[in-house]
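Chain by chain, the residues run as shown.
Protein chains: 2
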Amino acid sequence: MNTGTDDLENLITLLAKLPGLGPRSARRAVLHLIKKRSLQLIPLAEAMHRVGATARECLNCGNIGTTDICDICDSEKRAIGQICVVEDVADLWAMERSQVFKGRYHVLGGTLSALDAVGPEELRIPKLIDRIKSEDVTEVILALAATIDGQTTAHYIADQLPGITVTSLAQGVPVGGELDYLDDGTITAALNARRSI
Amino acid sequence: MNTGTDDLENLITLLAKLPGLGPRSARRAVLHLIKKRSLQLIPLAEAMHRVGATARECLNCGNIGTTDICDICDSEKRAIGQICVVEDVADLWAMERSQVFKGRYHVLGGTLSALDAVGPEELRIPKLIDRIKSEDVTEVILALAATIDGQTTAHYIADQLPGITVTSLAQGVPVGGELDYLDDGTITAALNARRSI
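Chains A and B, in that order, are what the protein sequence lines are. Residue numbering for the first sequence follows the UniProt record's numbering, starting at 1 and increasing by one per position. Residue numbering for the second sequence follows the UniProt record's numbering, starting at 1 and increasing by one per position.
Hints are not guaranteed to be accurate.
No copy labels: a pair is met if it fits in one copy or bridges any two.
[To be verified] Straight-line distance between alpha carbons at most 27 Å, and here's what the computed DSS-like set of lysine-lysine pairs gives:
1) 17 <-> 133
2) 127 <-> 17
3) 133 <-> 77
4) 102 <-> 133
5) 133 <-> 35
6) 17 <-> 77
7) 77 <-> 36
8) 77 <-> 127
9) 36 <-> 17
10) 102 <-> 127
11) 102 <-> 36
Think of the hints as simulated: they come from the structure by calculation, not from any bench. These figures come from a predicted structure and were not determined experimentally.
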């Protein structure tokens with residue numbers, strides 16, 4: 001990098017490791033931060049310290065929060081008998097942004113994968129089965145990726161939960177999507193799941 | 001964002017303000033950092049604290065370092081009588097990466113701009129004139145952008161330095177550049193500055 005000082009080079013190297021950043025954008029970010037030292041650099045350092053000290057996985061669902069049991073699991077309002085199963089915390093956040101799901105979550109931490117030797121014990125599947133016994137669950141909604149691994153995981157989970165209503169997200173044309181740009185699989189799924197209007 | 005905890009949302013909001021990052025990549029970065037807490041999150045927070053506490057502009061040239069006079073200005077080896085004038089610190093770093101310039105720098109902090117009401121006093125131009133009187137300067141190399149504002153600034157500086165050799169970077173075809181993709185201006189400049197081989 002050759003910026004002349006070790007502290008700066010160290011900061012650039014660390015920032016460049018973030019997903020979505022490289023050496024060039026890390027250098028730009030560092031210069032930007034130094035120009036806005038009191039408004040951005042110091043608050044950012046403090047926010048990182050705080051998150052580093054407090055962030056932890058919820059013991060119940062696997063969401064990331066600052067307490068042993070996350071806000072969602074802790075809220076009585078969300079105990080509506082629905083558990084939405086997602087692959088990771090980013091998916092949970094995406095669901096929360098849509099503000100459409102009112103129940104609780106369960107973060108698997110990945111998908112089953114024979115190639116990567118990921119079995120049910122590596123994921124949070126046993127914990128899910130425990131929760132369904134202990135919480136008053138009426139429906140498990142599988143919000144997993146429409147990939148081979150995601151669908152394998154969905155089928156495995158459905159097999160483990162006899163007697164429970166297990167649903168999965170609908171497949172079809174995305175809102176705003178143009179048919180011309182959609183792949184064959186999506187069009188097939190959307191046609192098969194067509195409904196009368 | 002709705003991640004469920006204020007600390008996390010605060011960190012995401014701050015990260016999303018960095019150039020090159022937005023809310024989506026900031027969320028990805030935060031999840032990545034939490035997974036690599038001891039290897040990346042904590043060191044990054046500490047590196048930011050250190051830079052926030054120590055980074056300052058060199059009183060002589062405007063480079064960013066951790067001392068009042070930067071390493072380059074402080075090095076006797078770089079006192080070869082050449083001063084390279086650049087617009088900002090990012091340009092200085094770019095010059096240093098090429099490792100071809102052995103002299104000292106002068107960071108203007110911007111370019112003259114009538115539209116943005118940036119005059120010579122807003123830049124570090126008076127300080128440059130002082131330096132040329134006090135240091136033993138034989139050549140001033142203007143490494144400014146090939147834009148209207150950059151070239152205006154270059155001409156203004158050249159006018160302020162009678163009796164000093166003032167040069168500017170050559171214009172021409174970039175290394176690896178294909179003629180087909182070059183603009184007319186660059187081809188014109190390269191043709192006018194052609195040389196025998």
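Next item on the list: Go through the numbered hints given earlier and state which of them the structure violates, listing their numbers in rising order.
Entry: 1, 2, 5, 6, 7 and 11
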